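**Student:** The primary structure of each chain is shown beneath.
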Amino acid sequence: MTTTTPTTPVNTPQGPPARPLGKPFGRSKLTSRGIANAVVLIAALYTMLPALWLVLASTKNADALFGSDILSFGDFSFGRNLSDLFSMDGGLYGEWYVNSLLYAVVGALVGSLISVAAGYAFDKYEFRHKEKLFGLVLTGVMVPPTVLALPLYLVASNIGMVNTFWSVFIPVLFNPFGVYLARLLSSGYVPNEVLEASRVDGAGELQTYVRVSLRMLGPGFVTVFLFQLTAIWNNFFLPMVMLSDQHLYPLSLGLYTWNSAATVSPEYYPLVVIGSLLAVVPLIVAFVMLQRYWKSGLTAGSVK
Amino acid sequence: MSTVMSSKGAAPPSAAAAGPPRRTQRRQQRVAAAVLLTPFTALLVGVFLVPVGYAIYLSLFSEDHEGLGFGGGRTVFTGLRSYLSVLEDPSFLSGFGTIALYCVIFVPLVVISALALGLLLDSGLVRLRRTAQMLVYLPHAVPGIIAAVIWLYLYTPGLSPVIKLFAQADITIDFLGLHTVLPSIVNIALWSGLGYNMIIFYAALQALPREVIEAATIDGAGGIRTALQVKVPIIRGSVVMVCMFSLIGALQLFTEPMLMNQATPMVNSRFTPNMYIYDAAFRRNNYGLASAASIILLIVTCVLSYIVTRWSGRRERRA
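Those protein sequences? They're chains F and G, same order as listed.
Be aware that the first sequence starts at 3, since it is given in the numbering used here, and climbs by one per residue.
Be aware that the second sequence starts at 1148, since it is given in the numbering used here, and climbs by one per residue.
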């Protein structure tokens, strides 16, 4: 696993950057270089063009969206769309945005604290049935959240929790993959000698965890947080099953309902487009800013 | 949870001599482990074990609607009857058929293209590697429902610049037709997953020992041969893992077809197993049926990941 201190980027080969590969002769080297770059360029265009379309389409009103050329800016309505977006249906979009932030940011924060604590305990302490319990964690990793959505709904409806904030918030805290990852990271980031030293100093176990270990686990914590943030922001099946009150919807479910409305009343189309664009922004920002963390998480998951 | 800790502490004896008495230390460690594990264990029980148990329970009972409208139904034990009716339901089985066909197209496509990109990035031939990685990866940060919205609009006649472009060349193309709708859904998944899987392969390739590759080059192997015959076999663990996650992900297919369901009659309301479950629970209000279908999907998923994990583990050990 490639764990790093925050100052060195992950996955940068330490040796000389250019490795002798292929036949090092002028023309064939040049051709293969050209082909390689062309293929990667095509892949980048494939991934970027739909995103670019979303950006361009967000500047069009309903008529222009259906009528005109995507590249013509004759009728630039980005501002108009934006104000429509937040005023439509009594400002529901703003509420969905706040809900998504609450579910995802607060949920991922609390969830990662819980997962990292559990992963750390699995790594550093011995207790009865430890490996059996960890086996259960691994089973949890294998079970995708969508399979649990209906069973969760059945339990929630039995105890009268359906259609509440908590019916979505509590299940998303459960992140067995985070525990698995935290156990790996804890054995990599927190040397046992540090715990020994802290014990010799007479510090309590929990005190050591909060003051010393958690700090050393910082980068690992961010990794777990990012994974969970994405998962919750993407969450669709669970809120769809649990919620019927539009005021509790996250963005994913809200945009889905607006999209169904658009098939009847096309004035919703530009709103779904610009609403989607704004809904993507927080994750993109998080990913670009915290690049090295998700990469170290991916590597940890794949190598072990 | 039974956080009954054993008497075996993590601390080696040497440390105990200097610190507080050993017994106190062990007790402290037991308490700490219990405190750190309790929230997670509560979640494990509350949102995993109990719901699965309850779904199993419900799948074995069903509402008896004899006194229709008068005092509601009573719950009777029906054993495996719900399971039988799910397994005999052609629309449930066709959902798995859809998934199978989807996998046949999607898995090779995503694995081969992600692997090719990973190898190209690793070969040192590509310029602006970090930027390229970032651009190809970014769709993964786009939520599934939004990826589906973007592509759905790119598939919709009138909205789509792609269809307009084809129309200018006098080609009529219907992305949501009988034979094209599944490839169209595959394309959404490919768009979202390509960069993610590329990074997994690239990271695995970067971790390869340089000597192996240099040895192959000195032996006169060309770039492509080195890639296919030396590098790919070494990272087959990652390849198997990507296949496994793609398969398991495919079984959960819901968001994209659910959105397509609003746009084209080619995607019916029981198109995939998860849509079947949703349909059974919320359109037909048959919780017994929906629970049984959920449990079946759960079992299929677990068996699949278990088989693939074991298989890849065995191959790794043999290597």
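Hints listed in this document are in silico derivations from the structure and should not be mistaken for laboratory results.
Model, not experiment: these values are computed from the prediction.
Where a beta carbon is used, it is the ideal one built from N, C-alpha and C, also for glycine.
Do not take every clue at face value.
Said to hold, decoys possible - Sample of chain F residues lacking proximity to chain G, with all beta carbon distances greater than 10 Å (derived): (1) Thr61; (2) Met90; (3) Glu97; (4) Leu111; (5) Pro221; (6) Val224; (7) Trp235; (8) Ser267; (9) Glu269; (10) Ala281.
Claimed, not checked - The list that follows gives simulated cross-link-like pairs (lysine to aspartate or glutamate, EDC-like), each with its CA atoms no further than 20 Å apart: (11) G/Lys1311 <-> F/Asp65; (12) G/Lys1311 <-> G/Asp1321; (13) F/Lys31 <-> G/Glu1235; (14) F/Lys31 <-> G/Asp1321.
**Student:** Does each hint fit the structure? Answer for all of them.
**Tutor:** Hint check results:
no. : hint                    : result
1   : Thr61                   : holds, 14 Å
2   : Met90                   : holds, 16 Å
3   : Glu97                   : holds, 17 Å
4   : Leu111                  : holds, 13 Å
5   : Pro221                  : holds, 16 Å
6   : Val224                  : holds, 15 Å
7   : Trp235                  : violated, 6 Å
8   : Ser267                  : holds, 14 Å
9   : Glu269                  : holds, 14 Å
10  : Ala281                  : violated, 6 Å
11  : G/Lys1311 <-> F/Asp65   : holds, 16 Å
12  : G/Lys1311 <-> G/Asp1321 : holds, 12 Å
13  : F/Lys31 <-> G/Glu1235   : violated, 59 Å
14  : F/Lys31 <-> G/Asp1321   : violated, 41 Å
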